[in-house]
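Engineer: Based on the provided sequences and hints, a complete structural model is requested.
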Amino acid sequence: MGCDEVHPRLDAYLDGELAETERRPLRDHLQSCPDCGPEAAALERLREGIRRSAPVYRAPDALRSQIRFALRREAAASAPAALPHASRWLAYAASLLLAVAIGSGGTFVFLGERQTDPVASEILDNHLRSLLGTHLTDVASSDQHTVKPWFAGRTDLSPPAVDLAVEGFPLVGGRLELIAGKPVPALVYKRREHVINLFVLPASRSDRGETLTRHGYNLRHWDEGDLGFWAVTDASPTDLAEFERQFRAATKS
Amino acid sequence: MAWIAERRRQSRFEAVVLPHLDAGYALARWLTRNDADAADVVQEACLRAFRYFDSYRDGDAKSWLLKIVRRTCYDWLEHNRPAEVVPLEVDGDPEGAVHGSPVGTVDADALLQSRSDLRRLDGLIEELPAQLREAIVLRELHELDYRQISDVTGVPIGTVMSRLHRARAALRRAWDGKGVG
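Protein chains in written order, with our numbering: chain A, 3 to 255; chain B, 453 to 633.
Do not take every clue at face value.
As the list claims (entries may be wrong) - Label pairs and their in silico Cβ distance ranges:
| no. | chain 1 | residue 1 | chain 2 | residue 2 | range |
| --- | --- | --- | --- | --- | --- |
| 1 | A | Asp225 | B | Arg533 | 45 to 51 Å |
| 2 | B | Asp474 | A | Arg29 | 20 to 26 Å |
| 3 | B | Ser507 | A | Ala243 | 47 to 53 Å |
Unchecked claim - Keeping only pairs whose Cα atoms sit at most 20 Å apart, straight-line, the calculated SDA-like set for lysine to any residue is:
| no. | chain 1 | residue 1 | chain 2 | residue 2 |
| --- | --- | --- | --- | --- |
| 4 | B | Lys514 | A | Pro62 |
| 5 | A | Lys184 | B | Ser463 |
| 6 | A | Lys184 | B | Leu499 |
| 7 | A | Lys184 | B | Ala457 |
| 8 | A | Lys184 | B | Lys514 |
| 9 | B | Lys514 | A | Arg70 |
| 10 | A | Lys150 | A | Pro172 |
| 11 | A | Lys184 | B | Lys519 |
| 12 | A | Lys254 | A | Leu138 |
| 13 | A | Lys150 | A | Val174 |
| 14 | B | Lys519 | A | Arg60 |
| 15 | A | Lys184 | B | Glu496 |
Said to hold, decoys possible - These stretches of chain B come out as covered by chain A in the derived footprint (C-beta under 8 Å, 3 or more residues):
| no. | segment |
| --- | --- |
| 16 | 460-469 |
| 17 | 591-605 |
| 18 | 612-624 |
Keep in mind that the hints were calculated from the coordinates and are not lab data.
This one's a predicted model, so the numbers in the text were calculated from it and none came from an experiment.
We put the beta carbon where it would ideally sit given N, CA and C, even for glycine.
Structural biologist: Next up, the structure:
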C-alpha cells in the first residue's frame, strides 16, 4: 500500500473502521513510512489531547428531576381524565375500596376501575411510590424557610410547610407530585418510622372529617381556606387524626 | 385505565431512555455551548422522545436519544442563533474533502485562528462549525462508530468520514500552532 492510498484511510484506520484486509497492509506501511508513521502518531496525540482536555458533561440532578416531572405531566395530560363531574368524595371512597395496592407482594388489584377517581388514585399511587422508591423528597429539609420557597415557581399552590417536630411529626422535606395533571406540592412528615405524605390541592369542599382505612393505609382529607389537604400514611388512624389537628393548629394563625 | 397505561409507558421510557441522559446532555452542551440552553434543549428533546416513543424499536437507545437531542438542538439553534447552523459549503464528498476542500477547511481554520485566546483543545472544539464539532464529539467523546454517527446526524458514512477528517485537520493546525494542549 502506498502513501496515496494510506492517507485517505488514516482516520478510518485509527477509528477502527477499516476491514482487516485493509488494516494489515496499512499497519505495515505505517511502521516503515517516514511520513505516514508520524502523521498517524500526530492524529493519535490529537485524540488523546481531546479526551484529556474535554470536560465531561453530566446532566444536572435538577434537570433529571425536572424531566421526570415533565414526563409525568405529559403522561397524565395524554390520558383522558375520568369522571370530571362526579362527586369527588364518593368516587374517592370507591377508589379506596378498589384501587389500593398493597402490602402483600405489591400486587395491584383493580376492581370496577371505571369508578375510580383519578385524584384519589393518584394520591395513593404517589404515596406508595414514594415509599417504594428513593424519591421521597425533592427538597430534603426540616426548615420551612427552605421547603416553602422551593415550591415557588414550580406550582401555583403555596403550602404552609410547618415543622411539627415538637409535636412528634418532624417535617423531612417536600417534593413535587402530579395529581390530575397538575403539579402539586407534597410535604413529607414522619411519625416515628412511618411516613406521612401530605398532598396540597385546591380546596374540594368535600371535607368530611373522617379517616378512611384500607389495607393498612389511612387517608384523611380536609379543606383549609383555598387549600385542600390529603394526608396518607401507614401510621395509625389516631396518629393521623392527631397529625391533622397539630397541622391545622400550627397553620391557623 | 388510560392513566395506568400512560404510567407504564412512562416507566418504560424512563428505564430505556433516561440512562442515556448524560450522553444527551453532553451532546446538547457541546452544541449549545451553554449549560442553561443545554438543559432546556434536553428537556424538550426528552418530551419529544416520549411522544415518539411508540416508534422506538428495541435497539440502540443511546443513538435514538442522541438523534432526537441533536434535532432539537438544531431546531433551537436555527431559532435562536441562526448564524451557527449555516450548511457547510463542501460536504458529502469524502475524497474532495480529504484531498482539497479549500472552502470548508479554510472556514474552520479561520474560526479557530480568529480566537488567539484559545489555549486548550476543548476551546478549539467549541469553535468548530457545528457539523464538524458534533462529528468529533460523537466520535471521540461519545465513542460512537461511523454507522451510529451517520444514524444520529442523518448523513451518509462518507460524509461522517469527511467531517471527522476536516475537524481533525483544523484542530491539529490550530493546536500545533499554539503548541499547547
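Engineer: Give a verdict on every hint.
Structural biologist: Do the hints match the structure? See the list:
Range check, Asp225/A to Arg533/B: Cβ separation about 49 Å, and the 45 to 51 Å hint holds. A hinted range of 20 to 26 Å is violated for the C-beta pair Asp474/B and Arg29/A, which are about 35 Å apart. Against the hinted window of 47 to 53 Å, the Cβ-Cβ separation of Ser507/B and Ala243/A comes to about 51 Å, which satisfies the hint. The straight-line distance between the Cα atoms of Lys514/B and Pro62/A is roughly 18 Å, inside the 20 Å bound, and the hint therefore holds.
Our distance criterion of 20 Å between C-alpha atoms is met by Lys184/A and Ser463/B, whose separation comes to about 19 Å. Between Lys184/A and Leu499/B the alpha-carbon distance is near 17 Å, which keeps this suggested pair within the 20 Å criterion. The straight-line distance between the Cα atoms of Lys184/A and Ala457/B is roughly 18 Å, inside the 20 Å bound, and the hint therefore holds. Restraint check for Lys184/A and Lys514/B: not satisfied, since their Cα atoms lie roughly 30 Å apart, outside the 20 Å limit.
Between Lys514/B and Arg70/A the CA atoms are separated by roughly 18 Å; this keeps the pair inside 20 Å, and the hint holds. At roughly 15 Å between alpha-carbon atoms, Lys150/A and Pro172/A fall within 20 Å of each other, so this suggested pair holds. For a cut-off of 20 Å, the pair hint linking Lys184/A to Lys519/B is broken: about 30 Å separates their Cα positions. In summary, the hint linking Lys254/A to Leu138/A is not supported, as the alpha carbons are separated by about 27 Å, beyond the 20 Å threshold.
The straight-line distance between the Cα atoms of Lys150/A and Val174/A is roughly 12 Å, inside the 20 Å bound, and the hint therefore holds. A threshold of 20 Å between alpha carbons decides the hint, and for Lys519/B with Arg60/A the separation of about 18 Å falls inside it, so the pair holds. Distance hint between Lys184/A and Glu496/B is fulfilled; the C-alpha atoms sit about 18 Å from each other, no more than 20 Å. With 4 residues having a Cβ less than 8 Å from any Cβ of chain A, the segment 460-469 of chain B passes the three-residue criterion, so the hint holds.
With 5 residues having a Cβ less than 8 Å from any Cβ of chain A, the segment 591-605 of chain B passes the three-residue criterion, so the hint holds. Residues of the segment 612-624 of chain B lying with their CB closer than 8 Å to a CB of chain A number 6, which satisfies the three-residue condition for coverage.
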